[in-house]
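Q: One-letter residues, chain by chain:
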Amino acid sequence: GAGVSQTPSNKVTEKGKYVELRCDPISGHTALYWYRQSLGQGPEFLIYFQGTGAADDSGLPNDRFFAVRPEGSVSTLKIQRTERGDSAVYLCASSLTSGDTQYFGPGTRLTVL
Amino acid sequence: AQSVTQLGSHVSVSEGALVLLRCNYSSSVPPYLFWYVQYPNQGLQLLLKYTTGATLVKGINGFEAEFKKSETSFHLTKPSAHMSDAAEYFCAVTLRRNYGQNFVFGPGTRLSVLP
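Going down the list, the sequences are from chains Z and U. Heads up: the first sequence at position 47 corresponds to 47 in the working numbering, and the numbers run straight through without jumps. Heads up: the second sequence at position 91 corresponds to 91 in the working numbering, and the numbers run straight through without jumps.
Chain Z extracted, bound-state conformation (with noise of 0.2 angstroms):
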């Protein structure tokens, strides 16, 4: 079956703009993950969600990283303002529940020139 699907696979925006990355999870998953992973550096927690809310946000570096989920699938990750520091890998997983082995899709690659 289909996994998790993330969109764009590249993303290259200027300093100080705005960006959507988009995530689609396993149908009828109900958590769902973003990660942050820089060059040479394991991934970093940013946000989880159980259904449509953030239970945990407590990753999400700033007030210029926001997410949503608003039905419950689909998930997407806005940056603000844009700096060349939140150039990374942006991961995405879902699991069937919290608790659950996460799946994880192939990333969106960010650079902030």
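Incorrect hints may have been included.
If you only want the chain Z side, here are some residues facing chain U, beta carbon under 7 angstroms, derived [what the hints assert, rightly or not]:
1. Gln41
2. Gly42
3. Pro43
4. Phe66
5. Pro70
6. Thr101
7. Phe104
8. Gly105
Straight-line distance between alpha carbons at most 25 angstroms, and here's what the computed DMTMM-like set of lysine to aspartate or glutamate pairs gives [claimed, not checked]:
9. Lys69(U) to Glu15(U)
10. Lys49(U) to Glu44(Z)
11. Lys49(U) to Asp100(Z)
12. Lys68(U) to Glu88(U)
13. Lys17(Z) to Asp100(Z)
14. Lys78(Z) to Asp56(Z)
15. Lys49(U) to Asp56(Z)
16. Lys69(U) to Asp100(Z)
17. Lys11(Z) to Glu66(U)
18. Lys68(U) to Asp100(Z)
19. Lys58(U) to Asp100(Z)
What the hints contain is simulated information worked out from the structure, not anything from laboratory work. All C-beta atoms, glycine included, are put in the ideal place defined by N, C-alpha and C.
With chain Z's structure known, arrange chain U on it following the hints.
A: Same frame as chain Z, but now just chain U:
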């Protein structure tokens, strides 16, 4: 807060040799432990996990790991390396199984397999 260290950012082995990737964690309470593999341009894939029960855990592709509480370790092994095992491997720990499952990943170990 929990943390994960992986000794060796890059490990090279010959095809057919033993693979040993090291993972140590710190945690104030018993953790759940995971190994993920990341092939180039692909998403992370779960190799194996330890939650409760048997401390020797077998995963996919012939990998296994042993949870050793006294050593706070969860090292990943495979008896005989294949060329297809070349990838990045991440150890991860979490404490809250039913709330957020806030994973903390180690920095990763890149495994190269030499012919």
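Q: Next, verify each hint and record whether it holds.
A: Do the hints match the structure? See the list:
1. For the restraint placing Gln41(Z) at the interface with chain U, the shortest Cβ-Cβ distance is roughly 6 angstroms, inside the 7 angstroms limit, so the hint holds.
2. Hint status for Gly42(Z) relative to chain U: holds, with the closest Cβ pair at about 3 angstroms, below 7 angstroms.
3. A least Cβ separation of about 5 angstroms between Pro43(Z) and chain U falls short of the 7 angstroms threshold, and the interface hint therefore holds.
4. The beta carbon of Phe66(Z) comes no nearer than 18 angstroms to any beta carbon in chain U, farther than 7 angstroms, and the hint placing it at the interface is violated.
5. Taking 7 angstroms as the C-beta cut-off, the interface hint given for Pro70(Z) is violated, the closest approach to chain U being about 20 angstroms.
6. For Thr101(Z), the interface hint holds, the least distance from its beta-carbon to any beta-carbon of chain U being 6 angstroms, beneath 7 angstroms.
7. A distance limit of 7 angstroms between C-beta atoms decides the matter here; for Phe104(Z) the minimum to chain U is near 4 angstroms, and the interface restraint holds.
8. Interface hint status for Gly105(Z): upheld, as the beta-carbon distance to the closest one in chain U is roughly 5 angstroms, under 7 angstroms.
9. Proposed proximity of Lys69(U) and Glu15(U) is contradicted: the alpha carbons are some 31 angstroms apart, above 25 angstroms.
10. For a cut-off of 25 angstroms, the pair hint linking Lys49(U) to Glu44(Z) stands: about 19 angstroms separates their Cα positions.
11. Simply put, Lys49(U) and Asp100(Z) have alpha-carbon atoms about 11 angstroms apart, close enough for the 25 angstroms limit, and the pair holds.
12. The hinted pair formed by Lys68(U) and Glu88(U) meets the criterion: a straight-line CA distance of about 23 angstroms does not exceed 25 angstroms.
13. For the proposed pair Lys17(Z) and Asp100(Z), the alpha carbon gap of about 36 angstroms is over 25 angstroms, so the pair is violated.
14. For the suggested pair Lys78(Z) and Asp56(Z), the alpha carbons sit about 16 angstroms apart, so the restraint of at most 25 angstroms is met.
15. Pair hint Lys49(U) plus Asp56(Z) holds up; C-alpha atoms about 22 angstroms apart against a cutoff of 25 angstroms.
16. Distance check on the hinted pair: Lys69(U) and Asp100(Z) sit about 23 angstroms apart at the alpha-carbon level, within 25 angstroms; holds.
17. Using a Cα cut-off of 25 angstroms, the hinted pair Lys11(Z) and Glu66(U) is violated, with the two alpha carbons roughly 40 angstroms apart.
18. About 23 angstroms separates the Cα atoms of Lys68(U) and Asp100(Z), which keeps this hinted pair within 25 angstroms; it holds.
19. With a CA separation close to 18 angstroms, the supplied pair Lys58(U) and Asp100(Z) stays within the 25 angstroms bound.
Consistency with the previously given hints fails for numbers 4, 5, 9, 13 and 17, ordered from lowest to highest.
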